[in-house]
Amino acid sequence: MAKMSPKTTQRIAMIGIWGGGFITVAILLVVIGYVLIQGIPGLSLDFLLTPPQGGLSGEGGISTVIVSTFYLVGVTLVVLVPVGLGAAIYLAEYASNNRLTRLIRYAIETLAGVPSIIFGLFGFVLFVTVLHFNFSILSGALTLVCLLLPTMIRTCEEAIKSVPCSHREAALALGTTRWQMIYRVVLPTAIPGIITAVILCVGRAIEETACLYVTLGGSAAMPSSLLSGGRTLSLHVFYLAMETRAFDKAMATGAVLIITIIIINTLTNLLSQRFQKKMKGSL
Amino acid sequence: MSRYLTDKLARYTVFTSATVSFLILLAIAIFIFKDGLPAFKEIGFIDFIFGTVWRPGQEQYGILTMIVGSTVVTIWSLLLAIPLGIACAILLAEVAPFKVRQVLRPAVELLVGIPSVVYGLVGLVLLVPAIREIGGNGFSVLAASIVLMAMVLPTIISITEDSIRAVPTSYKEGALALGATHWQTIRQVLLPTARSGIVASIVLGMGRAVGETMAMIMVIGNSIVFPKSILDPARTLTGNIAVEISYATGIHESALFATGIVLFVFIVLLNGIAVITLKRGNLGQNVA
Numbered sequence: 001m002a003k004m005s006p007k008t009t010q011r012i013a014m015i016g017i018w019g020g021g022f023i024t025v026a027i028l029l030v031v032i033g034y035v036l037i038q039g040i041p042g043l044s045l046d047f048l049l050t051p052p053q054g055g056l057s058g059e060g061g062i063s064t065v066i067v068s069t070f071y072l073v074g075v076t077l078v079v080l081v082p083v084g085l086g087a088a089i090y091l092a093e094y095a096s097n098n099r100l101t102r103l104i105r106y107a108i109e110t111l112a113g114v115p116s117i118i119f120g121l122f123g124f125v126l127f128v129t130v131l132h133f134n135f136s137i138l139s140g141a142l143t144l145v146c147l148l149l150p151t152m153i154r155t156c157e158e159a160i161k162s163v164p165c166s167h168r169e170a171a172l173a174l175g176t177t178r179w180q181m182i183y184r185v186v187l188p189t190a191i192p193g194i195i196t197a198v199i200l201c202v203g204r205a206i207e208e209t210a211c212l213y214v215t216l217g218g219s220a221a222m223p224s225s226l227l228s229g230g231r232t233l234s235l236h237v238f239y240l241a242m243e244t245r246a247f248d249k250a251m252a253t254g255a256v257l258i259i260t261i262i263i264i265n266t267l268t269n270l271l272s273q274r275f276q277k278k279m280k281g282s283l
Numbered sequence: 001m002s003r004y005l006t007d008k009l010a011r012y013t014v015f016t017s018a019t020v021s022f023l024i025l026l027a028i029a030i031f032i033f034k035d036g037l038p039a040f041k042e043i044g045f046i047d048f049i050f051g052t053v054w055r056p057g058q059e060q061y062g063i064l065t066m067i068v069g070s071t072v073v074t075i076w077s078l079l080l081a082i083p084l085g086i087a088c089a090i091l092l093a094e095v096a097p098f099k100v101r102q103v104l105r106p107a108v109e110l111l112v113g114i115p116s117v118v119y120g121l122v123g124l125v126l127l128v129p130a131i132r133e134i135g136g137n138g139f140s141v142l143a144a145s146i147v148l149m150a151m152v153l154p155t156i157i158s159i160t161e162d163s164i165r166a167v168p169t170s171y172k173e174g175a176l177a178l179g180a181t182h183w184q185t186i187r188q189v190l191l192p193t194a195r196s197g198i199v200a201s202i203v204l205g206m207g208r209a210v211g212e213t214m215a216m217i218m219v220i221g222n223s224i225v226f227p228k229s230i231l232d233p234a235r236t237l238t239g240n241i242a243v244e245i246s247y248a249t250g251i252h253e254s255a256l257f258a259t260g261i262v263l264f265v266f267i268v269l270l271n272g273i274a275v276i277t278l279k280r281g282n283l284g285q286n287v288a
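Protein chains in written order, with this note's numbering: chain V, 1 to 283; chain H, 1 to 288.
The set of hints was computed from the structure by calculation and includes no laboratory data.
There could be a bad hint or two in this list.
A partial selection of chain H residues facing chain V, derived with a Cβ cut-off under 7 Å [what the hints assert, rightly or not]:
| # | residue |
| --- | --- |
| 1 | F15 |
| 2 | E109 |
| 3 | L124 |
| 4 | L127 |
| 5 | T213 |
Just so it is clear, CB atoms sit at the ideal spot from N, CA and C, and this is done for glycine as well.
Let the sequences and hints guide you as you build the complete structure.
Here it is as structure tokens:
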């Protein structure tokens, strides 16, 4: 076979490359399009506002599931935000490059790669069994905190680091302590970035299933306290599809999930674009 | 309170929060090993890893079928995702005009954001019946691999794109100035230089694939058998834990934690490899 001319190879390669892009977009469109087309007809105010009836046909709506999801995400954030932000402040503003810092960074990197189900096992032993929180919102939320901490720390650290050094120097030159400089100058400037980090974590909390499957209990009842069980939207989709085989309801719940995720993604993109512009403008 | 005292207190507080991650990692290791080791002792390490029969009712715990299941699904999903991911990354980093990138990048971000149960659901409703037409009962390694491909694709795309972009422009200009076509430049200059990043993206994608749980449970069938073809069902390590943990007690529970240990060690190794490869790549580029 004659060797192909560079121009022909180039043309073939470009077809392949564009093909890769098209297939990727096609996968996304199939997944999202299918769920939305199948799910949206089942969506109504009624569906959102009635509790699931249980049973084999999966009658009823998702009201208690929505409440559980909000409850769980809220409790998670209450613990996650202070700890994650604190760690990010330490790493961005205080940490010197010593062995301890490297150890902490290594721990964060490793945690980020640990699969969700391992966090689930850990939460199952520590929170559900040893601490006797049982299958509950509290167990699920604390497990989620462990899972999301690396994401929170990394994104907050990025936001804090992108505050220009001149801000810090100006504050310190005015005679502030280091903490006054961080609290009054650095954090207020980094706020949009920090909010982006929080929204990102909310998104991941909503997507998460495996670690909650073994810590949250899956009760479809309205949660009454931190110690009552519950199920999130994602878990509800799983139970509907696997246990009751109510695919129409599963699709409708899936559509709610996808719409939420699209809103969250758009929000994060808009915020981070504005943040970057602001940082560039102030240089 | 004097501002100097606040300053000191704040410093200690943020330092404490920074150590939390390390403590969590330590606690995970301790708790999982503490609950998993009895199974290794009771069953025997070799019998546990290489045993082919998993019958909790008859006190038989061997996870080789699950190890094979996880491995086969991971390899197939990567075989599908690597060419697609690299093509897409080249498109994003080099070829696509600005407007296309503006559509493609959010699409890739959205792929990351879709919950794994939604992938599982679409797989269950679309893929499984389609594969049933070809043969078998539909719940299969093939269905799981395709679902998993969609899930690891974004990891491979974003890290590969970053590493292609990190190649100094002078390299590209040099190649083009020598009369190379755009594709020759990409293949013989950009991709080799970005190699470490590409390898790292694949290793990280592998980590994601091995760790995925819910979507796998939904489409792989969960039978404890060696899959003889890609149309056969199988069970993954992660699926084994999730499916049985809620009712397991005693040595059975311990065996599930031991499954977790195998998974944990595997993932930590994979991440170590990824981090080292990425660091080495960055060093090389700094020197250049």
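| said: For a quick check of understanding: which of the numbered hints are violated here, in increasing order? | reply: 4
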